[in-house]
Amino acid sequence: MLRDGCSWLDAMEQRTHIGYRWWSREELRATGETFYPVELPGLMPDRETSGTDQRDA
14 MLRDGCSWLD
24 AMEQRTHIGY
34 RWWSREELRA
44 TGETFYPVEL
54 PGLMPDRETS
64 GTDQRDA
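With my numbering as the guide, the letters of the sequence shown map in order to residues 14 to 70.
Just so you know, the hints here were simulated from the structure itself, not pulled from any lab data.
Since no wrong hints were added, every one of them can be taken at face value.
Pair by pair, the computed Cβ-Cβ distance ranges are:
id, residue 1, residue 2, range
1, Ala24, Arg60, 32 to 40 Å
2, Ile31, Leu53, 14 to 22 Å
3, Gln27, Arg60, 28 to 36 Å
4, Ser20, Phe48, 18 to 26 Å
5, Met57, Trp21, 18 to 26 Å
6, Leu53, Trp21, 13 to 21 Å
7, Ser20, Asp59, 29 to 37 Å
This structure is a prediction, so every number in the text was calculated from the model and none was measured.
C-beta: ideal position from N, C-alpha, C; glycine also.
Make the full structure from the sequences, and use the hints.
See below:
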């Protein structure tokens, strides 16, 4: 089901996308949900040592 604000998704994504939200690295490592790229938790900065909230950067 396509939600408002997601017109940039391709056809496959439009059929499968149900929403989006911010996930912490710890949440990604612990979840059973599918996400891409699977390496994402390892690519994310450590917010405790970086000193900034990357969402606000």
